Every structure is written in structure tokens, then in C-alpha cells.
Amino acid sequence: MTELKGRDADPAASQSAAALPGPTSAEGARRQGRASEGGMGRWVGARRRAARKQERLEEQDSAIPVELYGLRRGTVTLLTTLAFLFAIFTLVPIAWIVINSTKTQANIFETFGFWFASPFSFFHNFSLLFQNVDGYGTYIQWFGNTALYAVIGGVGATALSAFAGYGFSRFSFRSSKVLFYLTLAALLVPITALTLPLYLTYAKAHLINSIWGMILPSMISPVGIYLMKVYTDISVPRELIDAARIDGGGEARIFFRVALPLMVPGLMTVLLISVVAVWNNYFLPLLIFNVNTKYPLTVGLGLWSERAQNSGNAQLFPMVVIGGLVTIIPLIVLFLLLQRYWRGGLLLGSIAN
Amino acid sequence: MAAISTRELTKVYATGVKALDALDLDVADGEFVVLVGPSGCGKTTALRMVAGLERITSGTISFGDRVVNDVSPRHRDVAMVFQNYALYPHLSVYQNIGFALENQKVAKAERDRRIRAAAGVLGLGDLLGRKPKQLSGGQRQRVAMGRAIVREPSVFLMDEPLSNLDAKLRVQMRSEVLRVHRSIGAATLYVTHDQTEAMTMGDRVAVLQAGVLQQYDTPRALYDRPANVFVATFIGSPAMNLYEAGLSADGASGSRPAAVLGSQRLDLPAPVAAHVAAYQGRKVIVGIRPEDLVVSSGPGMVTEARIVEVLGSEQHVYFWLDATPATQAAAATDEPAEAGFLVGSAPNGMARIDPHTPVKPGARVTFTVDPERLYFFDPDTGLAITG
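Chains as they are written, first to last, in our numbering: chain C, 1 to 353; chain Z, 1001 to 1387.
FYI, nobody ran anything at the bench for these hints, they're computed from the structure. One or more hints might be untrue.
Far from chain C, by Cβ distances over 10 Å, these chain Z residues were calculated [unchecked claim]:
| id | residue |
| --- | --- |
| 1 | Ser-1058 |
| 2 | Asn-1069 |
| 3 | Val-1078 |
| 4 | Ala-1100 |
| 5 | Ala-1107 |
| 6 | Lys-1108 |
| 7 | Arg-1111 |
| 8 | Ile-1184 |
| 9 | Gly-1185 |
| 10 | Glu-1291 |
| 11 | Ser-1296 |
| 12 | Gly-1312 |
| 13 | Thr-1357 |
| 14 | Ala-1363 |
| 15 | Glu-1372 |
| 16 | Asp-1378 |
Cut-off 30 Å, straight-line C-alpha distance, at most; resulting in silico cross-link-like pairs (BS3-like, lysine-lysine) [stated by the list, open to error]:
| id | chain 1 | residue 1 | chain 2 | residue 2 |
| --- | --- | --- | --- | --- |
| 17 | Z | Lys-1133 | Z | Lys-1105 |
| 18 | C | Lys-177 | Z | Lys-1131 |
| 19 | Z | Lys-1168 | Z | Lys-1133 |
| 20 | Z | Lys-1108 | Z | Lys-1131 |
| 21 | Z | Lys-1133 | Z | Lys-1108 |
| 22 | Z | Lys-1168 | Z | Lys-1108 |
| 23 | Z | Lys-1131 | Z | Lys-1105 |
| 24 | Z | Lys-1108 | C | Lys-53 |
| 25 | C | Lys-53 | Z | Lys-1105 |
Just so you have them, the derived chain Z footprint on chain C, three or more residues with Cβ under 8 Å [unchecked claim]:
| id | stretch |
| --- | --- |
| 26 | 247–254 |
| 27 | 279–288 |
Keep in mind it's a predicted model, so treat the numbers as computed, not measured. All residues carry an ideal CB built from backbone N, CA and C; glycine is no exception.
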């Protein structure tokens, strides 16, 4: 890789060029595509493809040789190599889990870890996830639990972060600064330090073995609140709120109708972070659940793994491997789905200069 | 009864900065009032307080006979056009214009009728389906106007609505804004820093400086009878020339009354002399508008031309006059100090003359001025001298 992308290749930058007179030809083509979005669906598709191709070509044209950035080619090669090695390092465990999910129990231990071996037992392993093999619980049930906790907790955390972040960003009220700094301070407290007080509180509040014991704390996300505050600061201009107030909008309506649509990229980031946090949470469910029908995947797989090693129930090993693989798939899918929301330019045309 | 009136309206920020000091202003029904002044003079603060977007430190704001100090912006029935438009970027032009009506729960058919009517007035009929990012600057500006007029408000506020347009479009939109104003007839308060906009658009113009109202009058009166040095230099372009002068007493050494500017002597006819009689024998500030200077071949003020700008329809002559300019007041205007970097003595005056009069830089030019067109100010207070 000897060429770096120029600033012009940045989609946000190329979109903002549209605000200026004399749009680029790609923008022109895209706009034409948009203009014809009526009933001519097929045409639109073809035009969009043409516009995208044009965009790609322009991107190539605008790539700037590394020398113009004041970098030496040797430096670039070195950095690229290091980045490549780091990428391999990160991907190795994923490759291992994919490969070994196709192996039998015996082959996991006896064959080379980074290549396939026969028999191909992926589907057999997969089917085990639907069975209660050793009486400790069914993977599919834990999967359902995790999904439930992650969806309610993640969506709840996102909603609360949006409310709180918007509030901190766009209202000034007594001690708002103090409250915000307290929120930030909460980031610094490790959850492990809270184990005992949390457990005792839960016991009093009858939240032990309750799904709400898992979900409610997951809905509080100091990181999410912080991110939404910062994101609102930059993405929801004060003038827009002023304009909506003058236009007679109530505060709730202004939030939902004017501010929220502009906060979407930030919301999606918080949603992803929160869902992943709940999905991967091991400590909290371990603390509050002692009924294995309520376990999430993390605790369930941990239990299997522990039993496979300690009680000699070796057939659990392939299940732990494929279980691990299936566990990460929804997160990858979620990431890919949300990716399209991370784009700039939502404010184009709203505020002059 | 005035549609908008402010009494002793004052804003002091937490930092202690006094942005607005006891503003008294009345805007009659259907009147177009311009608040003008240099950057940071408090005009936008005043407008935002009228809109309800800014807390009032003291004083009152009334719409008609209703004091609105504690009324939230959404219940004030004001419409406002923002300097940077502040359009809702994710809503179409139609939805942008209709947003306020939706908030008021206006029935759909009625809403549709009013949105289309407003769009019609502003020539936005074909753009209703577009998003703000698909519009040009001028079109966005119209949408911002449409959003305001669709409400048929009793009070219309505009905060430098034309300042983001290019020069040509700005001139065009000036008459457009006035046309729209006449068609809806709401009391309008219009903020600008551009004195040309103020002069051409306002029924009355309020000149603000450093949070203090300097003068509130018709454009004609501001030009002809500026209340003080600040208004005199701020209104009118190019700005008025100001010099320190002494008024020689009538009859002393047998001469006629005159204003003495450095080595120059301007004879004052009896009515003018009577006007400034109280200042005889004392120092004053004399103001001369560049357009009142006429090149003469006879006696007059002798100057040396330094820079000559030919604009086609007129000619600007920057000259040096052997007199002390009164600059302390002029410094407050937006205009940068002109050509002060030149070697030697910089020009200290400016004349706007006929483009066909031959004037060369470095040449000696004699100007005459009708003494009736001179302005006199008290050098201590800066106030106009009224006889």
C-alpha cells in the first residue's frame, strides 16, 4: 500500500462539497438518482450503481501520493507491515474457533489446531446446542436469555443515554455540571469493587435470580451518557432548538422530532456499545443468578467449560467451541447492520456556515 | 398601542458584561423597525430577549398590552428568521414550513393550504419535496422566511437574515423581504449590522452602540439630523469626515463668523452661526459628508489628493487636509482605518465626487461645502449641537 486516501475521499467531505455551487459529477449523478426516486425503481438502482462507480473512480483520482504527506515510503511500508501483523494476531483466535467448531472432541486435541480434520462434525456439534447434554442447561435457552437481556438492556441504555446526554448538553440547570462530573466519575469505579454492596442491595430488593437484576443495571451507561452528551453538543445546533421552540414545539416534541434524528449516528454507537457490554457481561449474571435456566451465554459457557475440565465430561468441549462461535455471530451481524448509520452530513443544509 | 414595546430592557451576563442597557423601543403594528449597530452592540441579544430565548435581567417586554417577560417562546406567538436559517435538515421544505402549524395542531387541510400559500408567496412551490441540503443559499433563506410567515404571527423577528447571501442576492432579497412584510403586515423587528440594509428597509431605525440606544428615528432623520458623532459616522456610506474646529466669534477682528479647521477657514452664514452661537469661541467637532464636498476652482478648503478610486458612477478622493481629524468616535464603526499605512501623512478625509472631474493623486484639490450641510457636535459629549 503506497498511497493513502486523500481527504476528498472521505464521504462526509464529498457530501459537503454538494453544499457548494458546482457539485462534483458523482454528486450530480447521485442527485439525479434521487430526483428520479419516484416509481422508476429499476432505473434508480442502475443510476445509483453508476454513481457509485463514478465515486470510486474519483476516489482513486484523489488519492494523494504518500510523499505529499511528508512520509517516506520506507516508513509507510514498515507501518503497514506492523499493522498487518497485528491484524493477524487479532484474527488468529477467530480462525481457530471457526476451524475447531467443525471438529470432533478427539480431533480438537489431536489434530493441528489451524487446519480442518475429518470427520466434519460442524452440524453434529451445532445440533448439540439444542440439547441439554449433561443436565446443566440448554445453550439455546441461554442464548435466548442473553438476547433478552442485551436487547432490553441495550435499548434501555441507549434511550436513557439519549435523554440524559441531551439534557446535559442542551439544558443548563442547577448543579448540572456537578451531576455530569459524577456521571464521569462513575466510569472510574470498577464493577468488582461494587460486588458486595451490589449483592447485599439486590438481596434486600429481591433482585437475586430476577431478570430485572440483570437488566436494570445494564440500562445505566455512564459511557453512553457521556458519548451522547458530547455527540449532542456537536450534532444538534442550539439555533435549531431555538427555532423549534419559537415554532411552538414542546420540549418532548423538539427532542423526538428535531434533535433525535440528528443524534442517530451517536445513538447507534451507544446501542452497539451497550448491547456488546450486556452480551459479554459475565460478572453481574454470575453474581445474581444461581438458577441455570436464567444464565446468559457467558455464564452458561463458563459452566460447561469448567465442567468439561473438572468433571471429565469431555464431550462438552466441542460444545464450548461452537457455542463460542455462535455467541459472537450476532454481534458481528449487529455491527454490520448498524454500520450504515455511521455517516456524516446529517446537518447539511440546515445551518449556513 | 405599540405591537412590541420594551421598557428599560437590560441584559447583564453572568460575567458582568452589560450587553444591553435600558432599551426603550416601540414598534407599531405593521411597522418595519431595524436594529442596527456594530458587532457586539447588543442588537441580537435584544432580539433574542424579545423572542424569549434569552433571560431578561431587568425591564419589561410587552406585546400589545400583554407583558411577556415570563412567557415561554412557544407561547409568545412570534416568528423568527435566524441568521444561519436553522432549517430542520431531515425534514422536507413542506415539513419545515409546516412544523409550527403541526405544533399548533392546525387541521391537515388548513395546514396544507397555508403551507402552499406561503410557498407560493416565496416562489418555493416546486421545491416543497426537497430537503434543505438540496437547496441553494437563497432558497434556504426563503424556506426560513416561509417557516416564519406561514404562522401569520403578530410579531416577526429577523436576525441578520441576509448576511449569509452573496452581495447580489442580498440586494434582491431586501426587496423580497419588504414585499413579504407588506403582504403580512406584522410588526417586524429586523437586526442587521449593515447600515445600507437599515437605511433601505426600515420604516424606523434604532442605532445601538455598546448596548445603548443612540437614536431611534426614520432613515432620513438619522442621515440629516444624527443625534451624536456615533450615529453620524455609522449612518451614511462612505462615513462622514470629522474634524476638530474652533468657532471664531462674530465681529472679532471684524471678520465674519467662521469654523476654523487647522489652517482652513469655513465662513458660516448667519443662520448657521446662530445655530451654533452657544459654542462661539469654543471648540467643536465639524462633520462633513463626503458627498457634500464639491471640487471648486475658486476659494475653499485646500487639500492634497492622496488616493483616487474611480467607481464608474462616482469617484472617491482620499485627501489630506491640514486639520485635526476627530477620530475617537469614528473608531467605533465597522469600517477599518483607511490607508493609515502609507508613508508620510495619511489621508484624513474623503470626498465623493462626480466621476468625470479630473483628479490626480498628489494634486492640490480645492473643495467647497455648503455651510448648511455642515454638522456640529460637542467635543466632550459627542452630541449634536442643536441651536
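Hint by hint, here is what the structure shows:
The Cβ of Ser-1058 (chain Z) sits about 21 Å from the closest Cβ of chain C, beyond the 10 Å cut-off, so the non-interface label holds. No Cβ of chain C approaches the Cβ of Asn-1069 (chain Z) within 10 Å, the least distance being about 16 Å, so the stated non-interface status holds. Non-interface status of Val-1078 (chain Z) relative to chain C is broken: a Cβ of that chain comes within 10 Å, the nearest being about 6 Å off. For Ala-1100 (chain Z), the shortest C-beta to C-beta distance to chain C comes to about 4 Å, within the 10 Å cut-off, and the non-interface label is violated.
Even its closest Cβ contact with chain C, about 16 Å, leaves Ala-1107 (chain Z) beyond 10 Å, as expected for a residue assigned away from the interface. Distance check on Lys-1108 (chain Z): its Cβ is at least 17 Å (rounded) from any Cβ of chain C, clearing the 10 Å threshold; non-interface status holds. With 10 Å as the threshold on Cβ separation, the claim that Arg-1111 (chain Z) sits away from chain C holds: the shortest Cβ distance comes to roughly 13 Å. Once the 10 Å rule is applied to beta carbons, Ile-1184 (chain Z) is consistent with being away from chain C; the minimum gap is 16 Å.
Look at Gly-1185 (chain Z): its CB is around 20 Å from the nearest CB on chain C, clear of 10 Å, so calling it non-interface holds up. For Glu-1291 (chain Z), the non-interface assignment is confirmed: its Cβ lies about 34 Å from the closest Cβ of chain C, beyond the 10 Å cut-off. Here Ser-1296 (chain Z) stays apart from chain C, with its beta-carbon at least about 47 Å from theirs, past the 10 Å limit. Consistency note on Gly-1312 (chain Z): stated as away from chain C, and its beta-carbon is indeed over 10 Å from all of that chain's, at 27 Å minimum.
Every C-beta of chain C lies more than 10 Å from that of Thr-1357 (chain Z), the closest at about 40 Å, which supports listing it as non-interface. At roughly 44 Å from the closest C-beta of chain C, the C-beta of Ala-1363 (chain Z) stays outside 10 Å, upholding its exclusion from the interface. Distance to chain C confirms Glu-1372 (chain Z) as a non-interface residue, since its nearest Cβ pair spans about 45 Å, more than 10 Å. In this structure Asp-1378 (chain Z) is separated from chain C by more than 10 Å, as the shortest Cβ-Cβ distance comes to about 42 Å.
With a CA separation close to 27 Å, the supplied pair Lys-1133 (chain Z) and Lys-1105 (chain Z) stays within the 30 Å bound. Distance hint between Lys-177 (chain C) and Lys-1131 (chain Z) is unfulfilled; the C-alpha atoms sit about 36 Å from each other, more than 30 Å. Of the supplied pair hints, the one linking Lys-1168 (chain Z) and Lys-1133 (chain Z) holds, its CA atoms being roughly 22 Å apart against a limit of 30 Å. Under the criterion of a C-alpha separation no larger than 30 Å, the hint pairing Lys-1108 (chain Z) with Lys-1131 (chain Z) is consistent with the structure, at around 21 Å.
Between the alpha carbons of Lys-1133 (chain Z) and Lys-1108 (chain Z) the distance comes to roughly 26 Å, so the proposed pair stays at or under 30 Å and holds. With a C-alpha separation of about 38 Å, the suggested pairing of Lys-1168 (chain Z) with Lys-1108 (chain Z) is violated against the 30 Å cut-off. Simply put, Lys-1131 (chain Z) and Lys-1105 (chain Z) have alpha-carbon atoms about 23 Å apart, close enough for the 30 Å limit, and the pair holds. With a C-alpha separation of about 43 Å, the suggested pairing of Lys-1108 (chain Z) with Lys-53 (chain C) is violated against the 30 Å cut-off.
As the CA atoms of Lys-53 (chain C) and Lys-1105 (chain Z) are separated by approximately 46 Å, the hinted pair breaks the 30 Å bound. Check result for the stretch 247–254 of chain C against chain Z: holds, 5 residues qualifying (beta carbon to beta carbon below 8 Å, three or more required). Coverage of a stretch by a chain is defined here by at least three residues with a beta carbon nearer than 8 Å to that chain's beta carbons; for the stretch 279–288 of chain C and chain Z the count is 0, and the condition is violated.
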